[in-house]
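Asker: Each chain is listed here by its residues.
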Amino acid sequence: MLLDIMQTNEVGGLVIIQDTVDCCGRQLLKGFIHCALKRDEVVHVLGFEVCENEFRGGLDSKFTQGLYFHDGYTDPLGWTECPPLTVHHFTPQDINTCLSQSEQLKTVTLVVDSLSWILRHHSPAIVCQRLQELRRGGALRSVLLLLHSDMHQQGIVGSLCHLATAVILVAPGMSGQHTVAKTTRRTKSGRVTREEECFSVSEDLTITIEAQSSCSGKTLPEPEEYEADPAANLTFNLRLSEVEREAKEKLSLPFVFSQEKKSALLHPRPGAGRILYEPDDNDDFDQEDPDDDLDV
Amino acid sequence: MFSELNSILNTSPENCPQGEFTLVSDRKADASFLIHHFLSFYLRAGCKVCFLGLVQSFSHYSAVSQRLGVSLTQAREKGQLVFLEGLKGALGVLLEEEPSPGTHMLGFLRSPRSDLRELFEFVRASSTVLLSLGVRVGAVVDFAHYCRAFVCSKLQGNMVMLIRGEDEEEEECDEEGAEWLLRALTHQCSLALRVQGLPTGYCRDIHGQMEVFWRGHGSSVTGPQTQQKLFQYKVHDKGVSFFARGTSSAVL
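So the sequences go chain by chain: A and B.
Quick note on numbering: the UniProt record's numbering labels position 136 of the first sequence as 136, and the sequence is numbered without any gaps.
Quick note on numbering: the UniProt record's numbering labels position 241 of the second sequence as 241, and the sequence is numbered without any gaps.
The set of hints was computed from the structure by calculation and includes no laboratory data.
C-beta: ideal position from N, C-alpha, C; glycine also.
Incorrect hints may appear among the rest.
Said to hold, decoys possible - Sample of chain B residues facing chain A (criterion: CB under 7 Å; computed from the structure):
1. Ala149
2. Ser153
3. Arg183
4. Ala184
5. Thr186
6. His187
Said to hold, decoys possible - Taking lysine-lysine and the DSS-like style, the derived pairs with C-alpha atoms no more than 30 Å apart in a straight line are:
7. Lys229/B with Lys182/A
8. Lys88/B with Lys78/B
9. Lys28/B with Lys229/B
10. Lys28/B with Lys234/B
11. Lys48/B with Lys78/B
12. Lys154/B with Lys62/A
Please take these sequences and the hints and turn them into a complete structure.
Answerer: What follows is the structure, encoded as C-alpha cells:
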C-alpha cells in the first residue's frame with residue numbers, strides 16, 4: 001500500500017508521515033519526492049529542518065529541476081533582516097506566491113518538512129484550517145507533510161490525521177536496516193484500510209517493500225458481522241434440558257448435611273468402630289492442651 | 001580528550017567532522033565529562049571555540065582541561081577560545097548591577113517570555129560552538145535551531161549542547177518539560193549521546209551507561225533507521241574507560 005500511495009498521486013490528497021525520535025521519516029519523505037519528480041511533476045518544499053544542500057543530497061540531479069526548495073531553515077522566525085521564508089508565511093496567499101514560481105500547467109505537490117515547526121508557532125486550529133484552504137484552493141494536487149508526532153499532544157496529532165487521506169507511521173523494525181510503516185488510508189467513499197509493511201530505502205531513494213504483515217488489505221470488520229460465538233465448539237453442555245435440571249436438583253451433594261445423614265452419623269450403628277482410650281502411667285493428659293505430648 | 005571515545009565516534013583531532021550537531025544529555029548521572037572531552041577535542045583540533053558556560057565558571061573548566069592537557073587560559077589569550085561566563089553574567093543581570101560588557105546577551109534571564117535572540121547574535125561571531133546549557137527555557141529549541149543553521153550549515157562548524165533530563169521519565173507530553181526539550185533537540189541533532197545512571201543503582205566500578213545514536217544527518221545517505229550502540233563507562237582521574245555491557249574489568 002505504501003508504494004501504491006507513492007505512485008498514485010491522488011487529487012486533493014493529504015499524506016502525513018509521522019515519525020519519532022527513534023526513527024526518522026525524512027528518508028521516506030525523500031523517497032516520495034524522488035518518485036514524484038520522476039513522474040515529471042513539480043515539487044515545492046517548505047524546508048524548516050534541514051538546509052537545502054542536505055535536503056537535495058541523495059536526490060538524483062537529473063530530475064531536480066522540478067524541485068523548488070523554499071528556505072525556511074536559515075531564518076524561520078525572522079530574526080535577521082530579510083528572511084527568505086518564516087513560519088509566519090504559512091498562509092495560503094504566501095504559499096501561493098511560492099507556488100507561482102513554477103510552471104502553471106504541471107501537477108504540483110507541496111511538501112512541508114516539518115509540520116512540527118509550524119505547529120509550534122501556530123495554533124493547531126489555524127494549521128488545520130490553512131491546510132484545508134490549501135487543498136481546496138486548486139493550485140495543488142496533493143500535500144505531503146512530515147510530522148514529529150512525539151513532540152505534540154496526542155489530540156493535536158489526532159486532529160491533523162483526521163484531515164489526511166493517508167497517514168504513514170514509521171517505527172524502527174525488529175532488526176537491521178528495515179523500518180516498519182503502519183499505513184492508514186481513507187478513500188473518498190469513507191472506507192479505511194490499514195496495512196503494516198517493512199520497507200527499506202536504498203542509496204538512490206527507491207523504496208522496496210521487504211515484508212508485508214498479516215493484516216494486509218483487510219478492511220476493519222463490522223462488529224456485528226464478526227461476533228463469533230465462543231460457545232460454538234464446546235465439548236460440554238452449557239444449558240440443561242428440563243429432565244436434566246430435575247435430576248440435578250434431586251441430587252444432594254456430599255457436603256449438604258441432611259437430617260438423615262446427621263442422625264446416621266450421631267447414633268452409632270452396630271459394627272461401627274469405637275475408640276477406646278486407656279491412659280498409661282506416664283501419660284500426663286492435659287485437658288487444656290491436648291497436643292502437649294507432641295514434640296513441636 | 002578521551003581517545004577511547006574518539007574511536008567509538010570514529011573521529012580524531014586531525015580528522016575533525018564538519019557540520020555536526022552533537023546533543024549530550026544525561027539523566028540520573030553527570031555527563032559533563034563529555035563536555036570537557038569535546039572542549040579539549042576541538043581545541044586540540046585547532047578549531048575556534050566559543051564556549052557558553054552556564055553551569056560552571058571558567059576556572060572550573062580551566063582546571064579540568066589542565067588535567068586533560070589543554071590550557072584554556074592560553075587558548076583564550078591566543079584568541080582561539082571565546083569563553084562567555086554565563087554564570088557570572090547571570091548574577092549581574094539578575095541583581096541589575098552595572099552592565100559589564102558581554103552581559104547584555106543574558107538579558108533573557110530577566111524576562112521569562114523571551115526568545116534567546118540576543119544569545120544568537122553573539123554566537124554568530126565564532127565558528128565552532130561548544131555550548132553547555134543548564135537553563136531550561138522553552139525557546140531553547142529555536143535558539144538551537146538558529147545556532148545549527150548558522151554554525152553547522154553556513155560555517156561548516158560543529159555544535160555541542162548539553163541538556164539535563166528530569167530524574168524520572170515523564171509520561172505526558174508536556175510542552176515545557178525537559179523531556180520534551182530533549183525530544184525536540186534529538187530531532188535536530190546528528191549525533192546524540194545519552195548518559196544515564198545504571199538502572200540498578202549506584203555502582204563503584206561502573207558509573208553509568210552511554211547510548212550513542214547516529215541519526216544519519218549530513219550529506220551522507222544512510223537508512224532511515226538510526227544506528228545505536230550502548231556502552232558502560234567509568235570515569236577515572238584523567239580519563240574515561242568505555243566498555244560493552246557487562247564487561248567491566250571489575251566483573252571479569
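Asker: Now, for every hint given, state plainly whether the structure supports it.
Answerer: These are the hints, each one checked on the structure:
{"no.": "1", "hint": "Ala149", "in the structure": "holds (5 Å)"}
{"no.": "2", "hint": "Ser153", "in the structure": "holds (4 Å)"}
{"no.": "3", "hint": "Arg183", "in the structure": "holds (5 Å)"}
{"no.": "4", "hint": "Ala184", "in the structure": "holds (6 Å)"}
{"no.": "5", "hint": "Thr186", "in the structure": "holds (5 Å)"}
{"no.": "6", "hint": "His187", "in the structure": "holds (5 Å)"}
{"no.": "7", "hint": "Lys229/B with Lys182/A", "in the structure": "holds (26 Å)"}
{"no.": "8", "hint": "Lys88/B with Lys78/B", "in the structure": "holds (22 Å)"}
{"no.": "9", "hint": "Lys28/B with Lys229/B", "in the structure": "holds (19 Å)"}
{"no.": "10", "hint": "Lys28/B with Lys234/B", "in the structure": "holds (15 Å)"}
{"no.": "11", "hint": "Lys48/B with Lys78/B", "in the structure": "holds (10 Å)"}
{"no.": "12", "hint": "Lys154/B with Lys62/A", "in the structure": "holds (26 Å)"}
Consistency with the previously given hints is maintained throughout, with no hint failing.
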